[in-house]
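S.K.: In full-length UniProt numbering, the protein residues as written are 1 to 358.
Derived from the structure by calculation, the hints contain no laboratory data. Where a beta carbon is used, it is the ideal one built from N, C-alpha and C, also for glycine. There's no promise every hint is true.
Ranges between beta-carbon positions, derived for each pair [said to hold, decoys possible]:
1) G197 - A28: 20 to 28 Å
2) L65 - R257: 57 to 65 Å
3) L187 - G356: 39 to 47 Å
4) A28 - E105: 26 to 34 Å
5) G126 - S223: 27 to 35 Å
6) A107 - V38: 23 to 31 Å
7) L187 - L284: 52 to 60 Å
8) A304 - A277: 17 to 25 Å
9) A331 - E105: 34 to 42 Å
10) A353 - R133: 28 to 36 Å
11) A28 - P115: 24 to 32 Å
12) G104 - A252: 27 to 35 Å
13) T355 - G104: 17 to 25 Å
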Amino acid sequence: MGKSDGRIESETPPAPREARHRSATFVAALPGLAVALVVAGAAALLGQLAPIIGGPVFGILLGVLAAAGIRPLRAERMTAGYRAAGTFVLQASIVVLGTGLSLGEVARVGATSLPVMLGTLAVALGGAALAGRALGLDADTRTLIGVGTGICGASAIAAASAAIKPKDSDVAYAIGTIFTFNIAAVLLFPPLGHLLGLSAHSFGLWSGTAVNDTSSVVAAAESYGGGASSYAIVVKLTRSLMIIPIVTALVALRTKREQAAEGGTRSRLPWRRMVPAFIIGFVLAAALDTVGAVPASWHPGLSALGTFLVTIALAGIGLNLRISEMRKAGARPLLLGGVLWAAVGLTSLGLQAVTGTL
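Construct the entire structure; sequences and hints are all you get.
M.R.: In structure tokens:
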């Protein structure tokens, strides 16, 4: 008893060893997480001063500039924290943002807006694959710009990044592209809507399906007036639900490619690998809001928390990014974003005309 081959067993039990490993990993991540938190705080303040740009965009921008200008921030010991911000904090942000999505509102709005939402999403994803390949962009960059344009800007990019684990430079390309066309939409959509003679309801559907980030949807719809913003926001939140099937599909595709690369057989994927935990959390959070378990008075605070967590995550990605990596792609990501932005906007108007909602 207690012996094997004449030797006393002295191996450390697996559970304590794993616990120590997790603890050491957490401690190693603290310095980088602290820096990301400070950068995110500054970005959030700037985001309040310039809400059209928003804290998340400032987060990745300040992160890149801080890492480029302050040498100690590029130290190897900081990397673990930056990566933790870009993964675990990113996933937590998606769960928190789910508390602002009522599935009851989704059902009410979906009856009239679903054809337009699905059509614009198909154009965004299909266009990203075809045009992005023609421009010579890698698959992750194409995917991130496509989901950012077709679903909900930075939040969709965050969710897709957590699923496919792209390079930090790919995330930066996508965020920069989405930011550029958010500003363009806020400036151009309201006068174009008036020129086309759109009703407040039609403009709300147009901006809700064709403008990227929620903040830009609100800005454009408020500028248009006539109560367009209330419908635009609900459409935008409903559109955000498309994150679930898209991210699930991305995880399944990535897992199958990894299996193929390892030379393994393509066995049936367990649902735990196909459906990430943060997506399950997102759905549960939305379900809690739907049944009234999340008080309405909590919504502003939870929305602010979710946005700040996204800002921390993008600050971490920016801190881990090197400007030299971004120069290689040049203007091609921006060109792809422009093509998709125009195609989605025109598709939304065309489908509204066909379905009688214009």
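S.K.: Would you mind marking each hint as holding or not holding in the structure?
M.R.: The hints, checked one at a time:
At roughly 59 Å, the beta-carbon separation of G197 and A28 lies outside the given 20 to 28 Å, and the hint is violated. Evaluation of the 57 to 65 Å hint for L65 and R257 yields a failure: the beta carbon distance comes to about 34 Å. Checked against the hint of 39 to 47 Å, the C-beta distance between L187 and G356 comes to roughly 29 Å, which is inconsistent with it. Range check, A28 to E105: about 42 Å between beta-carbon atoms, so the 26 to 34 Å window is missed.
For G126 paired with S223, a C-beta distance near 30 Å keeps the hint of 27 to 35 Å intact. Range check, A107 to V38: about 42 Å between beta-carbon atoms, so the 23 to 31 Å window is missed. Here the CB-CB span from L187 to L284 is close to 38 Å, at odds with the stated 52 to 60 Å. Separation of A304 from A277 is about 24 Å and conforms to the stated range, judged on CB atoms against 17 to 25 Å.
Judged by the Cβ atoms, the range 34 to 42 Å given for A331 and E105 holds: they are separated by roughly 39 Å. The hint said 28 to 36 Å for the Cβ distance between A353 and R133, and at roughly 30 Å that hint holds. About 49 Å separates the C-beta atoms of A28 and P115, a value inconsistent with the hinted range of 24 to 32 Å. For the pair G104 and A252, the beta carbons lie near 29 Å from each other, so the given range of 27 to 35 Å is met.
Evaluation of the 17 to 25 Å hint for T355 and G104 yields a pass: the beta carbon distance comes to about 22 Å.
Of the numbered hints listed earlier, those contradicted by the structure are 1, 2, 3, 4, 6, 7 and 11.
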